[in-house]
Amino acid sequence: MNIEQDLERMALQEQRLCLSHFDHAMAWDLGTRIKTRSEAMGMALTIEVRVARETVFLFAMPGTTPANADWARRKRNTVELLHQSSYAVGKSLEREGRTLEQKMGLAVRDYAVHGGAFPIRVAGTGCVGVVTVSGAPDREDHAMVVTVLAELCSVPPADLAFD
Numbered sequence: 460m461n462i463e464q465d466l467e468r469m470a471l472q473e474q475r476l477c478l479s480h481f482d483h484a485m486a487w488d489l490g491t492r493i494k495t496r497s498e499a500m501g502m503a504l505t506i507e508v509r510v511a512r513e514t515v516f517l518f519a520m521p522g523t524t525p526a527n528a529d530w531a532r533r534k535r536n537t538v539e540l541l542h543q544s545s546y547a548v549g550k551s552l553e554r555e556g557r558t559l560e561q562k563m564g565l566a567v568r569d570y571a572v573h574g575g576a577f578p579i580r581v582a583g584t585g586c587v588g589v590v591t592v593s594g595a596p597d598r599e600d601h602a603m604v605v606t607v608l609a610e611l612c613s614v615p616p617a618d619l620a621f622d
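So the sequence shown is numbered by my numbering: it starts at 460 and just counts up by one.
No lab work stands behind these hints: they were computed from the structure. All residues carry an ideal CB built from backbone N, CA and C; glycine is no exception. Among the clues, some could well be false.
To be verified - Restraint-style ranges between C-beta atoms, simulated for each label pair:
#1 Thr495 to Thr524: 17 to 23 Å
#2 Thr491 to Pro615: 34 to 40 Å
#3 His483 to Met563: 28 to 34 Å
#4 Ala503 to Glu467: 29 to 35 Å
#5 Glu553 to Asp618: 20 to 26 Å
#6 Ser613 to Ala470: 15 to 21 Å
#7 Leu471 to Thr584: 18 to 24 Å
#8 Ala470 to Gln561: 21 to 27 Å
#9 Arg598 to Ala499: 17 to 23 Å
#10 Arg557 to Gly522: 15 to 21 Å
#11 Asn461 to Glu513: 19 to 25 Å
#12 Gly583 to Gly522: 37 to 43 Å
#13 Asp618 to Gly583: 20 to 26 Å
As the list claims (entries may be wrong) - DMTMM-like cross-link-like pairs, simulated, lysine to aspartate or glutamate; straight-line CA separation at most 20 Å:
#14 Lys494 to Asp482
#15 Lys562 to Glu599
#16 Lys494 to Asp597
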């Protein structure tokens, strides 16, 4: 896929992955679903789910390092600020030929535009939290989050997958 196709697909993902409500119990469920899926796939991820800027679920799987937690923090910061997936922000900037620092003055030490952080949206409310993973290549991190969120939203994951 080219950047334009990726951006169109990510816009669809962000539109369709909207919940009727989201609370701490659902945050825990989302985090454990990602953990279970990543274990089944043999992936080691750091997983974080936040609601209203409060960490509700955090798990660093065996095989991850503190660097994964730092990547998760930086990707999450991007989503909390822009309410758009970190991967979509990165691809948009790539298309523009700019960096987040050039565009908004944001330091790469605190903001990352790699895949793996995704806004949690509630219908009629907007962005209420962020789900983030780190440990795989950025497209795979993004796909992991989208797949599990799709299942939680009762959307067939294949409808939102990259071609």
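Hint by hint, here is what the structure shows:
| no. | hint | result |
| --- | --- | --- |
| 1 | Thr495 to Thr524: 17 to 23 Å | 22 Å, holds |
| 2 | Thr491 to Pro615: 34 to 40 Å | 21 Å, violated |
| 3 | His483 to Met563: 28 to 34 Å | 31 Å, holds |
| 4 | Ala503 to Glu467: 29 to 35 Å | 31 Å, holds |
| 5 | Glu553 to Asp618: 20 to 26 Å | 25 Å, holds |
| 6 | Ser613 to Ala470: 15 to 21 Å | 20 Å, holds |
| 7 | Leu471 to Thr584: 18 to 24 Å | 20 Å, holds |
| 8 | Ala470 to Gln561: 21 to 27 Å | 23 Å, holds |
| 9 | Arg598 to Ala499: 17 to 23 Å | 19 Å, holds |
| 10 | Arg557 to Gly522: 15 to 21 Å | 34 Å, violated |
| 11 | Asn461 to Glu513: 19 to 25 Å | 38 Å, violated |
| 12 | Gly583 to Gly522: 37 to 43 Å | 40 Å, holds |
| 13 | Asp618 to Gly583: 20 to 26 Å | 23 Å, holds |
| 14 | Lys494 to Asp482 | 19 Å, holds |
| 15 | Lys562 to Glu599 | 26 Å, violated |
| 16 | Lys494 to Asp597 | 17 Å, holds |
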